[in-house]
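Peer 1: What follows is the residue order along each chain.
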Amino acid sequence: MPLFENKKMKTTNWLIALTAAFASVQVASAADVVGKVTVAGTPSPEKVLPMDPTCGKLHPGEKPTTTFFVVGPNKELADVFVHITKGLEGKTFPAPASSAKLDQVGCIYVPYVVGAQTGQTIEVHNSDPALHNVHPTPTVAGNKEANKAQLPKSPALKFSWDKPEVFLRFKCDVHPWMFAYVGLVDHPYYAVTGKDGTFKIANLPDGNYTLEAYHRKGGQVTKDITVKGGNVTVNFEIQAK
Amino acid sequence: MSAVKQSQKLHWFVIMTAVATLGLIGLGGLVTSHQAGMAVPDWPTTYGYNMFFFPVSQWVGGVFYEHTHRLYAAFIGLLTSIMAGWLWLRGTEGRVRWAGMLTILVLVMALGHRGSGQSSGGASVIPFHFKVLAFVMPVLLVFGIVQCIRHRAAQHWLGLTAFFAVIFQGLLGGLRVALYKDEVGIFHAALAQCFLLLLSTTALLTSRWWVNFKTAKEVPSRRLLQASGLICVAIVVQLILGASMRHQHAGLAVPDFPLAYGKVWPATDEAALFEYNHSESRLDYRDFKPITASHIYLHMAHRAGALLIWLAIMALAVSYVRSLGWKASFSKAAITWAGLISLQAVLGAFTIWTNKAADIATLHVVLGAVTLIFGSITSLCGFRCRMVSVNVNPLASAKTQVASGVKAPDEADLVTQ
Chain A
43 MPLFENKKMK TTNWLIALTA AFASVQVASA ADVVGKVTVA GTPSPEKVLP
93 MDPTCGKLHP GEKPTTTFFV VGPNKELADV FVHITKGLEG KTFPAPASSA
143 KLDQVGCIYV PYVVGAQTGQ TIEVHNSDPA LHNVHPTPTV AGNKEANKAQ
193 LPKSPALKFS WDKPEVFLRF KCDVHPWMFA YVGLVDHPYY AVTGKDGTFK
243 IANLPDGNYT LEAYHRKGGQ VTKDITVKGG NVTVNFEIQA K
Chain B
568 MSAVKQSQKL HWFVIMTAVA TLGLIGLGGL VTSHQAGMAV PDWPTTYGYN
618 MFFFPVSQWV GGVFYEHTHR LYAAFIGLLT SIMAGWLWLR GTEGRVRWAG
668 MLTILVLVMA LGHRGSGQSS GGASVIPFHF KVLAFVMPVL LVFGIVQCIR
718 HRAAQHWLGL TAFFAVIFQG LLGGLRVALY KDEVGIFHAA LAQCFLLLLS
768 TTALLTSRWW VNFKTAKEVP SRRLLQASGL ICVAIVVQLI LGASMRHQHA
818 GLAVPDFPLA YGKVWPATDE AALFEYNHSE SRLDYRDFKP ITASHIYLHM
868 AHRAGALLIW LAIMALAVSY VRSLGWKASF SKAAITWAGL ISLQAVLGAF
918 TIWTNKAADI ATLHVVLGAV TLIFGSITSL CGFRCRMVSV NVNPLASAKT
968 QVASGVKAPD EADLVTQ
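Read top to bottom, the protein sequences are chains A and B.
Residue numbers for the first sequence follow our numbering, beginning at 43 and rising by one.
Residue numbers for the second sequence follow our numbering, beginning at 568 and rising by one.
Wrong hints could be hidden among the right ones.
As the list claims (entries may be wrong) - Quick list of in silico lysine-lysine cross-link-like pairs, DSSO-like style, CA-CA up to 27 Å:
{"hint": "1", "chain 1": "A", "residue 1": "K200", "chain 2": "A", "residue 2": "K186"}
{"hint": "2", "chain 1": "A", "residue 1": "K186", "chain 2": "B", "residue 2": "K830"}
{"hint": "3", "chain 1": "A", "residue 1": "K195", "chain 2": "A", "residue 2": "K99"}
{"hint": "4", "chain 1": "B", "residue 1": "K856", "chain 2": "A", "residue 2": "K105"}
No lab work stands behind these hints, which were simulated from the structure alone.
Generate the whole structure from the sequences, applying the supplied hints.
Peer 2: Quick look at the structure:
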């Protein structure tokens with residue numbers, strides 16, 4: 043083989059190796075934080091919702107109840123807002139183009155807890171044959187209260203706020219049992235546990251963080267975590283109150 | 568102008584307006600008890616409709632309470648407008664008459680224009696002329712009150728002041744919704760009670776008894792009448808405290824009675840508040856705001872006020888019986904007042920024991936209004952008797968009494984004929 047071609051191949055190989063190394067460094071600089079939230083103790087029984095006849099007709103079987111504690115067979119706790127509270131200082135994150143969604147189904151907000159980022163659009167749909175009013179009641183200064191009518195099957199209403207607030211409440215004054223809560227943070231590193239109690243926060247860059255699991259009635263539990271070179275598993279236990 | 572002749576038809580119309588207003592206070596109480604105050608996001612429209620044409624099929628849930636409250640309020644506005652015009656026509660003449668009638672007409676027409684069909688809350692959807700009226704009406708109301716005082720509660724000024732008050736009250740209700748302000752709701756509730764008091768006073772002053780009264784068979788002492796007046800003022804303060812409590816949206820700040828969290832005075836430190844907010848009774852579908860120390864202080868102030876007023880009225884009733892005897896009308900009225908306030912205390916206890924059941928809480932609001940009106944009207948009757956008995960105009964100043972050569976009433980406790 044000619045000397046020139048040999049040198050060229052060596053350079054190419056070095057370049058390939060260097061690129062692979064660089065790429066592997068990029069992949070290793072972010073990881074997922076996964077885990078499960080369980081409940082300790084026994085929550086108080088849920089209360090049956092006093093639905094009016096219009097909404098009651100939408101639930102011909104078992105009557106819906108409050109959902110203060112949604113607990114699985116193995117104590118898995120749903121509707122826990124898990125998010126980073128420390129470690130992202132000085133960083134800014136653009137609001138996603140996609141919307142967070144709430145729907146009103148059977149005169150109940152679905153989902154009960156949802157996460158969103160400041161500046162992100164929160165869409166509220168009405169899939170019910172009944173009218174609702176959509177009444178977000180933020181408490182953080184700078185987040186403005188609103189109250190809009192929403193007739194059946196009408197277009198989605200859109201809201202967004204600029205200040206972080208956990209939990210920003212949505213309510214319906216026509217149906218006083220209807221509530222939903224938005225965990226509004228200024229970054230994309232959050233999740234809401236499902237019925238199996240699990241959560242996943244994807245692509246968190248390497249670093250030291252404080253992770254908080256916040257349940258509306260159970261309260262908050264925080265843990266310090268370090269993300270370095272691989273996924274992190276963090277479990278929480280929240281006391282039923 | 569010569570003295571206005573008494574009209575029974577007018578008198579009964581005013582009574583009807585006052586009784587209807589009591590019903591409106593009940594409806595307003597139901598709105599708050601069912602937390603439906605924001606169920607209709609827009610004002611003065613209803614879900615984008617002219618409120619008088621909102622389909623009955625949509626009167627559901629919280630909309631039913633809020634919308635019927637608004638419709639009934641419009642009806643009360645109509646009754647008050649008729650009453651004010653009637654009183655003004657009877658009590659005035661010449662340019663003053665037509666100026667007053669024009670004012671009433673212009674304001675009624677201004678309120679008749681209800682604005683565009685937007686269906687969201689916020690100050691931006693309030694029609695411009697309503698915003699103007701929101702500043703003008705308090706000024707007119709104060710003007711009316713001053714004229715009532717200057718003209719010694721002349722009926723036509725009472726009527727016009729009631730007209731200004733009912734418009735302002737309607738604006739307050741709308742602004743509470745449009746501006747998301749609970750504080751406005753508290754003022755709205757308090758003004759409702761004062762408006763009812765004004766109508767009841769007008770009903771009394773247009774009665775045959777008041778107009779033709781010449782001889783007092785029983786005359787309560789000045790001290791007893793002053794005590795009655797002070798108790799009425801205390802009841803107004805108590806009503807304002809109650810309205811403030813109801814508009815906190817924190818549920819029952821103290822869930823037990825007669826104790827408070829098992830004590831005479833509850834703890835209000837952070838640890839105690841944490842326990843209160845995480846007790847099972849707070850797991851309510853209504854999702855109340857967390858209890859704070861301020862909520863507890865407000866609640867306890869209302870309880871303390873209730874106890875003081877109850878004791879004061881009991882003492883008053885005993886004093887009346889001792890001074891005038893059981894059979895005297897004023898003694899019977901005082902005993903009735905004592906019965907009313909006792910019933911009100913029982914309703915207050917049941918409001919707590921039923922975890923603020925909407926019907927009980929609303930009845931408590933209505934009976935509070937009745938207690939205020941009953942005490943105020945009987946006090947006014949007592950003052951009328953006393954003043955007539957010494958041949959003094961009841962609303963003249965002391966200076967006028969001295970200047971006209973009339974002897975001021977002495978300090979004797981009892982004059983019975």
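Peer 1: All the hints need checking, so say for each whether the structure fits it.
Peer 2: We went through each hint and held it up to the structure:
no. : hint               : verdict
1   : A/K200 with A/K186 : holds (13 Å)
2   : A/K186 with B/K830 : violated (40 Å)
3   : A/K195 with A/K99  : holds (18 Å)
4   : B/K856 with A/K105 : holds (25 Å)
The structure is inconsistent with hint 2 alone, although it conforms to all the rest.
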